[in-house]
Amino acid sequence: MNRTRPTSRTDAKLLFQLAPSTLYLLVFFAIPGFVLLLYSFWQKKGFSIERVFTLKNYLTVLTTDLYIRVTLNSLIIGLSAALLAVIISYPLAYGLRFKLRRYQSTLLLLIFVSVVGSYLARIYAWKSILGQKGLINQILLYAGLVQEPLSFLLFNRFAVIITLTNLFVPFAFLPIFSAFQNLNFDVVQAARDLGAGPFQVFYRITLPLTLPGVLAGFMYTFIFATSDFVVTSLMGGVSGLMVSKVIADQFGIAFNWPLGSALAFVFILTLASGYLFLVGLSRWLNIRGAGA
Amino acid sequence: MEEFSVKIEAVTKRFVEIVAVQHFTLDVKRGEFISLLGPSGCGKTTLLRIIAGLETSDQGRIVIEGEDMTGQTPEKRPVNMVFQRYALFPHMNVFNNIAFSQVLKKRPRQEIQAKVSEMLALVDLDGYQNRNVNELSGGQSQRVALARSLINQPKVLLLDEPLGALDLLIRKQMQLELKRIQRHLNTTFIYVTHDQEEAMILSNRIVLMNKGEIVQVGKPEDLYRLPETVFAAHFIGETNLLEGNVTRINAKGMEVEVGGLRIKTRLHPKVKVGMQVWLSIRPEKIDLAADQPDDPPNRVNHRNDLPAIVKTRTFLGSSMNYEARLGNQRLMNLVTSAEAVSYQPRDKVRISWAKEDTVVLID
Numbered sequence: 001m002n003r004t005r006p007t008s009r010t011d012a013k014l015l016f017q018l019a020p021s022t023l024y025l026l027v028f029f030a031i032p033g034f035v036l037l038l039y040s041f042w043q044k045k046g047f048s049i050e051r052v053f054t055l056k057n058y059l060t061v062l063t064t065d066l067y068i069r070v071t072l073n074s075l076i077i078g079l080s081a082a083l084l085a086v087i088i089s090y091p092l093a094y095g096l097r098f099k100l101r102r103y104q105s106t107l108l109l110l111i112f113v114s115v116v117g118s119y120l121a122r123i124y125a126w127k128s129i130l131g132q133k134g135l136i137n138q139i140l141l142y143a144g145l146v147q148e149p150l151s152f153l154l155f156n157r158f159a160v161i162i163t164l165t166n167l168f169v170p171f172a173f174l175p176i177f178s179a180f181q182n183l184n185f186d187v188v189q190a191a192r193d194l195g196a197g198p199f200q201v202f203y204r205i206t207l208p209l210t211l212p213g214v215l216a217g218f219m220y221t222f223i224f225a226t227s228d229f230v231v232t233s234l235m236g237g238v239s240g241l242m243v244s245k246v247i248a249d250q251f252g253i254a255f256n257w258p259l260g261s262a263l264a265f266v267f268i269l270t271l272a273s274g275y276l277f278l279v280g281l282s283r284w285l286n287i288r289g290a291g292a
Numbered sequence: 293m294e295e296f297s298v299k300i301e302a303v304t305k306r307f308v309e310i311v312a313v314q315h316f317t318l319d320v321k322r323g324e325f326i327s328l329l330g331p332s333g334c335g336k337t338t339l340l341r342i343i344a345g346l347e348t349s350d351q352g353r354i355v356i357e358g359e360d361m362t363g364q365t366p367e368k369r370p371v372n373m374v375f376q377r378y379a380l381f382p383h384m385n386v387f388n389n390i391a392f393s394q395v396l397k398k399r400p401r402q403e404i405q406a407k408v409s410e411m412l413a414l415v416d417l418d419g420y421q422n423r424n425v426n427e428l429s430g431g432q433s434q435r436v437a438l439a440r441s442l443i444n445q446p447k448v449l450l451l452d453e454p455l456g457a458l459d460l461l462i463r464k465q466m467q468l469e470l471k472r473i474q475r476h477l478n479t480t481f482i483y484v485t486h487d488q489e490e491a492m493i494l495s496n497r498i499v500l501m502n503k504g505e506i507v508q509v510g511k512p513e514d515l516y517r518l519p520e521t522v523f524a525a526h527f528i529g530e531t532n533l534l535e536g537n538v539t540r541i542n543a544k545g546m547e548v549e550v551g552g553l554r555i556k557t558r559l560h561p562k563v564k565v566g567m568q569v570w571l572s573i574r575p576e577k578i579d580l581a582a583d584q585p586d587d588p589p590n591r592v593n594h595r596n597d598l599p600a601i602v603k604t605r606t607f608l609g610s611s612m613n614y615e616a617r618l619g620n621q622r623l624m625n626l627v628t629s630a631e632a633v634s635y636q637p638r639d640k641v642r643i644s645w646a647k648e649d650t651v652v653l654i655d
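Here the protein sequences line up with chains D and Y, keeping their order. Under the numbering used here, the first sequence has 174 at position 174, and the numbering climbs by one with no breaks. Under the numbering used here, the second sequence has 591 at position 299, and the numbering climbs by one with no breaks.
If you anchor each label on the Cβ, the simulated ranges turn out as follows:
no., chain 1, residue 1, chain 2, residue 2, range
1, Y, Gly551, D, Arg101, 52 to 62 Å
2, D, Leu100, Y, Gly551, 51 to 61 Å
3, Y, Gly609, D, Gly197, 46 to 56 Å
4, D, Tyr103, Y, Gly551, 52 to 62 Å
Among chain Y residues calculated to face chain D with C-beta under 7 Å, some are:
no., residue
5, Ala344
6, Leu346
7, Pro366
8, Glu367
9, Asn372
10, Met373
11, Ala379
It should be emphasised that the hints constitute simulated quantities derived from the structure, not laboratory data. Built from N, CA and C at the ideal position, the CB exists for glycine as well.
The task is simple: from the sequences and hints, build the whole structure.
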């Protein structure tokens with residue numbers, strides 16, 4: 001008896017501590033998710049929904065060219081944006097850690113401002129840069145390089161990738177920067193001291209030790225960008241059409257909640273497998289390290 | 293072959309507002325274990341980093357084995373460094389940490405394996421090659437760091453307070469290990485520490501530093517017996533410091549007046565009558581005896597013999613520490629054997645020490 005009492009008390013305490021987050025996830029994620037899952041197995045009939053189990057929605061998703069294409073398009077756009085964001089962030093984080101320590105706080109503040117700054121405002125800023133009467137076209141026209149404004153800048157995959165990269169760069173930068181902050185400078189110097197030149201230090205020490213941050217940043221950006229709905233709606237056009245927009249349309253215009261749900265679940269599973277692949281990759285890289 | 297392993301020639305290093313190393317000149321002999329000793333901020337670590345090439349000097353130059361190192365990058369210098377906080381590569385196991393420099397040199401796999409095994413045996417870590425470095429204790433980590441540097445067969449090993457992060461017991465053990473390894477390999481060791489006891493235990497010579505400059509260089513026993521400045525007397529070992537004026541000088545010694553007391557001292561070449569000086573008397577040089585009023589004072593001409601009152605008594609196992617108040621209110625620390633006759637606080641005693649043990653210092 002004596003022995004069980006403290007255990008049950010700590011259990012109760014643990015339950016109490018976990019309650020808010022559990023409740024939150026339950027109400028706002030698990031339950032709606034479960035409802036959607038149910039919908040995905042039901043069937044639209046006219047303007048009502050028939051509550052009979054069917055796999056037809058999933059079959060439609062997996063056999064319709066459009067759905068496969070937009071899902072792939074989402075992945076391509078997400079991967080490109082994540083890759084670009086990492087490519088931009090890595091040298092910046094490297095520079096802030098090793099060369100520009102004096103400007104560190106100023107630059108971090110600017111990056112933070114860009115995170116909290118309006119999401120829509122930045123999208124419209126890009127629209128006005130890339131648009132028919134946008135900044136780029138104005139410059140090109142003024143310089144006499146083109147006779148008519150270029151129309152292919154906006155409403156395509158390229159515009160979506162550029163905008164998404166800009167929107168989510170901070171989410172790639174912060175984990176990479178944090179990895180650089182955790183990098184012990186003595187370790188870098190020890191490598192120099194033991195005979196490694198600058199390039200060898202980079203690929204044997206700096207890169208492997210900051211790689212977890214790179215992967216984390218890549219994953220954040222990839223997930224945010226792949227599932228973004230606003231950018232593709234406002235500037236996607238045809239080639240920039242993403243699955244999130246198609247899903248939203250199923251719930252809105254088409255009023256086909258079952259198909260929308262099935263599309264959403266296929267997409268979630270695709271993303272989850274991409275995520276697991278990256279996690280596996282990072283484990284593998286960590287274990288191998290940068291040794292001989 | 294050059295006689296000196298490292299020649300430090302008039303090296304000066306300034307950071308934005310402070311001078312870290314000031315016109316520093318020192319020759320280090322081959323196979324010598326030399327310590328740079330001083331309080332934190334005295335420039336000893338900066339100097340070590342300049343030798344390693346991790347820091348550049350503003351003036352002066354470093355010559356290692358006859359070769360001017362000016363402009364040489366760290367990876368090209370025949371020295372290796374052991375860092376205070378180990379600085380092991382966290383993403384590599386023990387083997388890959390130690391093998392690092394040899395992998396860079398593209399040595400054959402078998403040779404590397406043999407060398408790493410030899411190093412592991414040297415630092416007493418046989419069987420640890422596959423361990424993750426995060427699983428090691430502080431002492432083990434520092435052994436790996438040592439092996440990682442020594443495998444490269446540096447001409448000079450630089451050690452930056454390598455035992456500073458370890459607890460006392462491990463530190464004592466590692467001191468003996470370091471000394472054994474240094475004797476075994478006969479590599480030149482330049483060792484930075486702020487711990488005077490550690491410097492005494494390990495070094496052939498100690499370079500005492502303060503504010504970026506050399507205070508005194510010498511064998512540990514010379515630094516202890518004959519400090520040249522108040523700083524040296526104070527920094528190395530315990531001592532009693534008395535301030536006074538020189539009243540008499542003859543061929544055998546001097547007399548210094550300290551707050552009304554006349555104290556006999558050894559000679560100092562630069563001191564003249566009337567000069568203000570400091571006297572340093574080590575606690576273990578002072579004898580303690582019962583006060584016998586019928587005995588005339590100054591019984592022996594070459595000893596100082598003064599009445600005092602015991603203030604405190606501290607038992608330290610092998611020894612007994614006393615604080616005794618001299619007539620002029622000055623406290624003196626002294627050490628006797630724990631087996632000697634023991635006195636109580638407020639006991640009237642006589643304290644005495646040899647003229648030769650009174651070292652005169654000019655500040």
